[in-house]
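K.L.:
This is what each chain is made of:
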Amino acid sequence: MTDQLATTLVAERPRGLFGDAWHALRRRPLFWVSVSLIGLVLLMAAFPGLFSSADPNAADLSRSRGAPSARAWFGYDNQGYDVYARVVHGARASIVVGLLSTLGVVLVGATIGMLAGFYGGRLDAVVSRIADVFVGVPFVLGAIVILTTLNAGGDAGPARIVAQVVLSISVLSWPVAMRIMRSTAIAAKQQDYVKAARALGASSRRIIGKHLLPNCVAPVLVYSTIALGAFIGAEATLSYLGIGLRQPVVSWGVMINSAKDYLRVAPHALLFPAGFLTATVLAFVMLGDAVREALDPKLR
Amino acid sequence: MARARSTPRLVPAVVAVALAATACGSTDTPTGSNADAGITIFNTEPENPLVPGNTTEVGGSRVLDPLFTGLVEYRARDAQPVNAMAESIDTTDSKTFTVKIKKDWLFHDGSPVTAKSFVDAWNWTAYGPNGTQGASFFSQIEGYDAVHPKDPDGPDKPQAPPAPTAETMSGLAIVDDHTFTITLSEPFAVFPVTIGYEVFAPLPEVFFKDRAAFEGHPIGNGPFKFVSRTVGTDIKLTRNDDYKGDDKPKFKDLTLKVYQSRESAYADLVANNLDFMEELPPNALAGRQYETDLGDRVVQRETLNNQTIAFPFYLPPYDNVDLRRAISMAINREEITERIFEGTRKPADGWVHPLMKGYRPGQCGEYCTFDPDKAKAALAKSGYTGEIVLLSNTDGGHQEWAEAVVNSIKNTLGVQARFVPSTSFGEFRQKVNAHEMTGMYRAGWVADYPSIENWLTPLFRTGASSNDGLYSNPAFDAKLAEADKATSEDEAIELYLEAERIMAPDLPSIPLWTQNTIAGRSDRLKVANLDPFRTLDLFSVEVA
Amino acid sequence: MGRYVLRRLLQMVPVFVGTTFLIYVLVWAVPGDPFEGKCGERDCPASYITMMRERFNLDDPLLLQYWKYLVNLLQGDFGVTSSGVQVVDRIAATFPVTLRLALVALLVEAVIGITAGVVSGLRDRGFLDSLVLVSTLFLISIPVFVTGYAVQLVFGLQLGWIAPTVTTPTFGNLIVPGFVLASLSMAYVARLSRASIAENRRADYVRTALAKGLPTRRIVGVHLLRNSLIPVITFLGTDLGAFLGGAIVTEGIFNVPGVGGLVFRSILTKDGAMVTGVVTVLVLVYLLMTLLVDLLYAVLDPRIRYD
Numbered sequence: 001m002t003d004q005l006a007t008t009l010v011a012e013r014p015r016g017l018f019g020d021a022w023h024a025l026r027r028r029p030l031f032w033v034s035v036s037l038i039g040l041v042l043l044m045a046a047f048p049g050l051f052s053s054a055d056p057n058a059a060d061l062s063r064s065r066g067a068p069s070a071r072a073w074f075g076y077d078n079q080g081y082d083v084y085a086r087v088v089h090g091a092r093a094s095i096v097v098g099l100l101s102t103l104g105v106v107l108v109g110a111t112i113g114m115l116a117g118f119y120g121g122r123l124d125a126v127v128s129r130i131a132d133v134f135v136g137v138p139f140v141l142g143a144i145v146i147l148t149t150l151n152a153g154g155d156a157g158p159a160r161i162v163a164q165v166v167l168s169i170s171v172l173s174w175p176v177a178m179r180i181m182r183s184t185a186i187a188a189k190q191q192d193y194v195k196a197a198r199a200l201g202a203s204s205r206r207i208i209g210k211h212l213l214p215n216c217v218a219p220v221l222v223y224s225t226i227a228l229g230a231f232i233g234a235e236a237t238l239s240y241l242g243i244g245l246r247q248p249v250v251s252w253g254v255m256i257n258s259a260k261d262y263l264r265v266a267p268h269a270l271l272f273p274a275g276f277l278t279a280t281v282l283a284f285v286m287l288g289d290a291v292r293e294a295l296d297p298k299l300r
Numbered sequence: 001m002a003r004a005r006s007t008p009r010l011v012p013a014v015v016a017v018a019l020a021a022t023a024c025g026s027t028d029t030p031t032g033s034n035a036d037a038g039i040t041i042f043n044t045e046p047e048n049p050l051v052p053g054n055t056t057e058v059g060g061s062r063v064l065d066p067l068f069t070g071l072v073e074y075r076a077r078d079a080q081p082v083n084a085m086a087e088s089i090d091t092t093d094s095k096t097f098t099v100k101i102k103k104d105w106l107f108h109d110g111s112p113v114t115a116k117s118f119v120d121a122w123n124w125t126a127y128g129p130n131g132t133q134g135a136s137f138f139s140q141i142e143g144y145d146a147v148h149p150k151d152p153d154g155p156d157k158p159q160a161p162p163a164p165t166a167e168t169m170s171g172l173a174i175v176d177d178h179t180f181t182i183t184l185s186e187p188f189a190v191f192p193v194t195i196g197y198e199v200f201a202p203l204p205e206v207f208f209k210d211r212a213a214f215e216g217h218p219i220g221n222g223p224f225k226f227v228s229r230t231v232g233t234d235i236k237l238t239r240n241d242d243y244k245g246d247d248k249p250k251f252k253d254l255t256l257k258v259y260q261s262r263e264s265a266y267a268d269l270v271a272n273n274l275d276f277m278e279e280l281p282p283n284a285l286a287g288r289q290y291e292t293d294l295g296d297r298v299v300q301r302e303t304l305n306n307q308t309i310a311f312p313f314y315l316p317p318y319d320n321v322d323l324r325r326a327i328s329m330a331i332n333r334e335e336i337t338e339r340i341f342e343g344t345r346k347p348a349d350g351w352v353h354p355l356m357k358g359y360r361p362g363q364c365g366e367y368c369t370f371d372p373d374k375a376k377a378a379l380a381k382s383g384y385t386g387e388i389v390l391l392s393n394t395d396g397g398h399q400e401w402a403e404a405v406v407n408s409i410k411n412t413l414g415v416q417a418r419f420v421p422s423t424s425f426g427e428f429r430q431k432v433n434a435h436e437m438t439g440m441y442r443a444g445w446v447a448d449y450p451s452i453e454n455w456l457t458p459l460f461r462t463g464a465s466s467n468d469g470l471y472s473n474p475a476f477d478a479k480l481a482e483a484d485k486a487t488s489e490d491e492a493i494e495l496y497l498e499a500e501r502i503m504a505p506d507l508p509s510i511p512l513w514t515q516n517t518i519a520g521r522s523d524r525l526k527v528a529n530l531d532p533f534r535t536l537d538l539f540s541v542e543v544a
Numbered sequence: 001m002g003r004y005v006l007r008r009l010l011q012m013v014p015v016f017v018g019t020t021f022l023i024y025v026l027v028w029a030v031p032g033d034p035f036e037g038k039c040g041e042r043d044c045p046a047s048y049i050t051m052m053r054e055r056f057n058l059d060d061p062l063l064l065q066y067w068k069y070l071v072n073l074l075q076g077d078f079g080v081t082s083s084g085v086q087v088v089d090r091i092a093a094t095f096p097v098t099l100r101l102a103l104v105a106l107l108v109e110a111v112i113g114i115t116a117g118v119v120s121g122l123r124d125r126g127f128l129d130s131l132v133l134v135s136t137l138f139l140i141s142i143p144v145f146v147t148g149y150a151v152q153l154v155f156g157l158q159l160g161w162i163a164p165t166v167t168t169p170t171f172g173n174l175i176v177p178g179f180v181l182a183s184l185s186m187a188y189v190a191r192l193s194r195a196s197i198a199e200n201r202r203a204d205y206v207r208t209a210l211a212k213g214l215p216t217r218r219i220v221g222v223h224l225l226r227n228s229l230i231p232v233i234t235f236l237g238t239d240l241g242a243f244l245g246g247a248i249v250t251e252g253i254f255n256v257p258g259v260g261g262l263v264f265r266s267i268l269t270k271d272g273a274m275v276t277g278v279v280t281v282l283v284l285v286y287l288l289m290t291l292l293v294d295l296l297y298a299v300l301d302p303r304i305r306y307d
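Chains as they are written, first to last, in the working numbering: chain A, 1 to 300; chain B, 1 to 544; chain C, 1 to 307.
For the record, the hints were derived by calculation from the structure and aren't laboratory data. Source: prediction; values computed, not measured. Just to be clear, a hint being listed does not mean it is correct.
[Unchecked claim] Keeping only pairs whose Cα atoms sit at most 30 Å apart, straight-line, the calculated BS3-like set for lysine-lysine is: (1) A:K260 with B:K410; (2) B:K248 with B:K526; (3) A:K260 with B:K346; (4) A:K189 with A:K210; (5) B:K95 with B:K150; (6) B:K102 with B:K252.
[Unchecked claim] Examples of chain A residues toward chain C, derived with CB under 8 Å: (7) R129; (8) D132; (9) V133; (10) P138; (11) L141; (12) A274; (13) T278.
Virtual Cβ for every residue (Gly too), placed ideally from N, Cα, C.
Extracted from the complex, chain A is given alone in its bound form:
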């Protein structure tokens, strides 16, 4: 992997923060467990055909609620869909929602947070109050309100359904990333090297780009790894409530939603997507945990 290549090159010189962290990470079994889990899920999301040749949308009522067997490893659900095929194909929607939401939250939140932290003053005050507005609304409640409003549009294609969920998660979560970035930026701003750069006449753009950003990446990176897991869980919760993803999109949350009524007669239809969901969230949380410990020498 390229990571490995990078470390061998880096190892020649004195290690920086990330080299140091990488060095620490390599020795942690939890890190490897989570990385391989994530790798597997990503592969599933990218190339579902590698894992299952069955059509996730082929339903046959005659095999409704069939138990796991050699033909269908995870059995069939109430409609007679192949649970294994759907779990494999469902990875994509869950991962896409998680990734896009994280991307949105981090890009928007971090940019705003950096600017607010660096410039301070009135900009900071305004931005902080706006962030308070979105933080003040409880997450699930806010997402329900936003999604019911957006859902009123009716007949929506898969892209729009996914976009709606991503949007509502991002809108309600960016303040967290913004606050993290803001406080690190404020702390970094007072460091001597920044003061020195400023004294040497560096422009604001240069200070942010060259000095602040590299030093603020670590906390945001940790946050985004854990958030990615959390957002996948949030998607499942919203889909479970019936307002997140829905037909024709297949995701683990959608599967849990349609299997929850049949928990007692066809538990496999719920347990497998719930298991994959939990494992994936777990993998991201573990990775975030490991990265944080590696980046924070105090915790080592």
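Let chain A serve as the given structure and place chains B and C on it in line with the hints.
P.N.:
Chains B and C in isolation, oriented as in the chain A frame:
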């Protein structure tokens, strides 16, 4: 006139079954029934103020129904109308009806029920500026247009509707304290059957004096009277011992408990914390789980509602008759009722409900029978190859079967078919009303009143109140008009059946199935029956 | 301190207005009519809709609508729902239940979370430490609705140990939903206290106390715990605010008649007056909670001073 819900709703029902009087005064008799007991039944939060004319929704109806007794009520046994407060309803021309009401009936506050109680209540409900939900039920009475003028540009447009030119309908006239006449704008033979709905209930004088107080503490004339309401938790009623009706409830207190979900209510039912709930939730029906959970506490009966798929005739390709036939013949009703509904639905073979007087089997014929070959042939004839879309709300447990229907169509016809859920009933209904459907859609029907006519006219006659798909067939309309003017009931039934046959080849909607409702009772109740309108028949209840 | 509180209160005003406006717009400015679907499977009479639109000022421009709402709100009038129920009555009936549930959950998460965290933080990398680490990871990863269903199914329906739903919301009946609601935060509290204890164990003042020859029990009980739990307590404070508004899923599964269920049903039935009313209250509670937590922080940690 017509209404039906995604959720079960209640229509007044009073049983006329003669029952051996079980006069047990003692509080706790292990063998006989306990006449002083209280029971708790399932309810949802009423969505409207507790006024009969202003509630057409189920949570409110379950409360108002025991509180009020109208002119006519429907028998729990066979849904046939019987006189309740009415002594007689007579007509010679099916246009003017003379109503005599029974004497000595009292409202719960002690004031007498008179002809005026009915006429005032009906006039109040119909009066436009009062903005009641039930107003349109009176539209057949002469003078309705004067008290309820049409809004020229629709309700959400700026222009206000014109002021009514009268405060009372000219078609209602009080003759004496216990007699009044109803004049309709057009003859309508079935009219006396239609007025069992609680919108037609009488209102006491105090209502017109202080409406807010009444809404907080409704006063009716029914077998139960209002005790208290804790919004969001429960409503308590108690037996009206001065009730003048033929039947008396055999228990004392009735608590209607508000549940947030059917699933949690079911959990309480299983644990005997709840005495009755109609319509068990999907997780109880799955794999017939309820049989293990409830054992002999299962209550079931065939009820007066059906499920259909309606077509938007304003939207191609659904105006293509061959496509409609292909879709209908591609739906495997047997398999879906068996697998998805666990046998709680019966495949339908026509539009008129099997419980209806005059029902004839097989009116839909081959078009309602699953036949992959004929379905494919019809599809080929239609020339349509695009995508078929089915829309439904999913908050009433419709997701499962809708998905199964779509899969059945897809697998049989080999075309693309897609189910489009909408999360709330309101949202879905709004699009149906506005004729903005983008595909065929779910339509359910609960009988307003037990007449064969109610399964045809409101749904399929040109311009009828619930003909949301804009179906129109002049031959069918003409046959209905002929039937409306029939002199005898038998003749009318025969003509309505002919009308059904005329419309059948058009398939204005796809009949899917009728319901066998599964309810459950607690160990405490010795007897608890369902009525044909999917609600607990309160008069049947006996507490151990 | 007084000036700080005043400044914070002033800062709340725009946040409060912003949040309520946001919710108001989302709820009322939806395309289509919020009163359709109130009359069953048929059209509502036009007169009914006209009256309702008038009652909720829907024919006014949006800003004017909101202004009217805000003015009423400031006079303590939360309005009436379309079913004629006073919004404030419903909030008064449901909020104490949610508060009770939140307190139970808070107690659960504090007792179990802190105990687990302290125990594992005091022992280095032992079996107990690993157990806490792994089980908290799991708790963080399982969505609340899965936990809720599992608990209800296993303990309520199959084993019959608990009532599957809450009939009367007493403290005792709320223990199980409280556990479910607290499960996620419990894990966070455990990890937070573990990290905090582990960090403070190496602090100079602990070393000094050890060197002075104080008994271990006194060192842990007085010095270590007191200092380590400051961030935990503030976390608990913020969490209480979150519990009060975020119990929609838990309340739904266990039929707890609290604010969460009320607001969820109101959103689905498009009961705009109720939704805006409840959210307004929740936002107020949240804002006051955060202020309280910040003040608590200063009280607990004398190094922090606000001016």
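K.L.:
For every hint, state whether the structure bears it out.
P.N.:
Each hint tested on the structure:
1. The straight-line distance between the Cα atoms of A:K260 and B:K410 is roughly 25 Å, inside the 30 Å bound, and the hint therefore holds.
2. Between B:K248 and B:K526 the alpha-carbon distance is near 17 Å, which keeps this suggested pair within the 30 Å criterion.
3. Under the criterion of a C-alpha separation no larger than 30 Å, the hint pairing A:K260 with B:K346 is consistent with the structure, at around 25 Å.
4. Pair hint A:K189 plus A:K210 holds up; C-alpha atoms about 12 Å apart against a cutoff of 30 Å.
5. With a C-alpha separation of about 24 Å, the suggested pairing of B:K95 with B:K150 holds against the 30 Å cut-off.
6. For the proposed pair B:K102 and B:K252, the alpha carbon gap of about 25 Å is at most 30 Å, so the pair holds.
7. Given hint, A:R129 at the interface with chain C, holds; its Cβ is 5 Å from that chain's nearest Cβ, closer than 8 Å.
8. Because the smallest distance between the Cβ of A:D132 and any Cβ of chain C comes to about 4 Å, under 8 Å, the interface hint for this residue holds.
9. Because the smallest distance between the Cβ of A:V133 and any Cβ of chain C comes to about 4 Å, under 8 Å, the interface hint for this residue holds.
10. Checking A:P138 against chain C by beta carbon gives a least distance of about 3 Å; that is within 8 Å, so the hint holds.
11. Hint status for A:L141: holds, given a least beta-carbon distance of 6 Å to chain C, under 8 Å.
12. Interface hint status for A:A274: upheld, as the beta-carbon distance to the closest one in chain C is roughly 5 Å, under 8 Å.
13. Because the closest C-beta pair between A:T278 and chain C is about 5 Å apart, less than 8 Å, the hint holds.
Violated hints for the displayed structure: none, as all numbered hints are satisfied.
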